[in-house]
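Asker: Listed below, chain by chain, are the residues.
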Amino acid sequence: MVAEERGGREAEVRARLASVSDPELDEPVTDLGFVTRIAVSPGGQVEIGFRLPTYWCAANFAFMMAEDMRAAAAALPWVSAVRVVLDEHMYAETVNRAMAEGLSFREAFGPEADDDLAEIRSIFAVKSFQRRLLSLIEHLRAEKIGTERLVALTLDQLSLLPLGSKGVWLRARYLEKRAIAGPAGGDDPAFITHEGTALTRTMLPSYLRDCRRVAINGEFNGALCRGLLVARYGEESCAAAGMTEAGADSSGVIRPLPEPTLHDFLRAAARATWSVAS
Amino acid sequence: MFKTASGEEIFVIDGHTHLWDASNDNHRNIHGTQFIDCFYAYHANLSPPENRWPKDKFYDYGPDAMYHDLFVDGYDDMAILQPTYLKEFYKRGFNTTEQNAVMKERYPDRFILNGAFDPRDGEEGLDALSALAETYKIKGVKLYTAEWKGASKGWKLTDDWAQRYLEHCGKLGIVNIHVHKGPTIIPLNRDAFDVADIDDAATSFPNLNFIVEHCGLPRLDDFCWIATQETNVYGGLAVALPFIHTRPGYFAHVIAELLYWIGPDKILFGSDYAIWTPRWLIDKFMAFELPEEVKRETGVDLTLETKKKILGLNAARLYGIDIATQKKRLAAERRVAAE
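Line order of the protein sequences matches chains A and B. Per numbering that gives the first Met the number 0, residue 0 is the first one in the first sequence, and the count goes up by one each step. Per numbering that gives the first Met the number 0, residue 0 is the first one in the second sequence, and the count goes up by one each step.
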């Protein structure tokens, strides 16, 4: 296979990995600087290397990210096999063996786990829903959409609102998680609590305060984790792995990520430091 | 002692300090090295550049540096020594009560010495706790729930044996239970930082105070919720406070949430020395004001009165320190030292 073709495939994998988020930080693993290498063999085998801010990061989150990255890469039509390798972590061996042998969390950790990851996934999916709802509503309010109108919006109406690029991005992020909170048909209310109750004008302020608490905590952890990763591996290494600035500023507003350009794909391809010889 | 521009004296009790030994010959295995290197990453990441230490000093700094950093260069008047044993990672232990006691023996009026227990030590550990209480007259313990022991990689406050130990603490007059939630609690499929067990323990033991170190970070949101339900739950500021330098905007939100949910009487300053040193933390904390929009949104303020509570008054109340008496004692000590 020629080099450009391989670089293109590595960029395709990277673009897929951008859809995988750290469950706790709710930010793409690629923006966090976690993905250290992507390599593609001529036969369509993919190897993904990743690392975490500390040796002690929670094993279940490490496992979820590994599992999600494997699934994201495997969804590409030309991929024949995916190998995900976690570096320098207290459970690296267990996670790597599980990924190589296709074991579930429970199979991999045996007596150290009493169930699979469904419960923890759902806890953090709710937190992510709340953060995304807050960011979107704050953005819409800044665009002069009043509370009355916000709480009356259906999902169809929300989808049709004319928004700028940031708004489009925040809306897409919210809609990704909207179904976990309740029925998500076009006529269903756009904004509901994580328990499925439609938000009213009177409920909104206190619900947004709850969401704010979750968002502050998430952003704090995100900033801490980025800093720890830099302290562990150095600025240069983190920049090379694609780490972006913290996704949120102090007011809690998540900045939109620009659409990837051809330049990004080429840069991503150039970053892949290891590749299977063609 | 911190003096404000108007000359007012603020008594400082540093709620969280260590005299650890992470020198290379003490590492039992890779985990020992990774543990101190993780601490170093916290230190290097959040300290202002001029306060960053070289790694070898960070591994092993000794009692003289500690005294200097807390009381000579720093504004601390007193400090609480919190042990972290980690015998599975360090041959002599990382930071045992006995190691910390060196400071207490040298400077008895400067330090409050806390102990620790591990519920997995069973009956034997209950006796050891009694002995610790008798030898050192401890009023508090620091619990590290992520500590490894044999095949076990952690425990919870709701475990049967933990309940027995907490009951025993009450009998021994150990009323301040500092809890540090670290990762890797079994079962691994659950949230490693879940703070719900603190809620249960605080309800079961209303006679004890639960000081949750690092304000339950990385679960500040859940912690705030629990701390409002329980009158005997407090938050220690270590780890959150250093953000005042690197990310003041985040710190403003965090301290405002804490003030809103748990109030000014239940937050304790701690440097987590030697991860951070008190001088720059307190300089920045005293100079810090909440931005107007945060005040407006939360309806709280970080006033001088509140700062005084956080820096010393709250810990003094928990540990029965009479500040006026203590000030005189420390002044007398300084005079003796000067002669």
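Just so you know, not all the hints are guaranteed correct.
To be verified - FRET-style restraints, in silico, Cβ to Cβ: (1) B:Thr245 <-> A:Pro182: 35 to 45 Å; (2) B:Lys294 <-> A:Val167: 25 to 35 Å; (3) A:Ala73 <-> B:Leu303: 54 to 64 Å.
If you're looking for bench data, these hints aren't it; they were derived computationally from the structure. Here a beta-carbon is modelled for each residue, glycine too, at the ideal position from N, C-alpha and C.
Asker: Evaluate each hint against the coordinates.
Answerer: Right, here's what the structure says about each hint:
1. B:Thr245 <-> A:Pro182: 35 to 45 Å: At 43 Å between Cβs, range holds.
2. B:Lys294 <-> A:Val167: 25 to 35 Å: Once the Cβ atoms are compared, 33 Å apart, the range 25 to 35 Å for Val167 of chain A and Lys294 of chain B holds.
3. A:Ala73 <-> B:Leu303: 54 to 64 Å: With Cβ atoms ~59 Å apart, the hint holds.
In the structure shown, no violation is registered for any of the earlier numbered hints.
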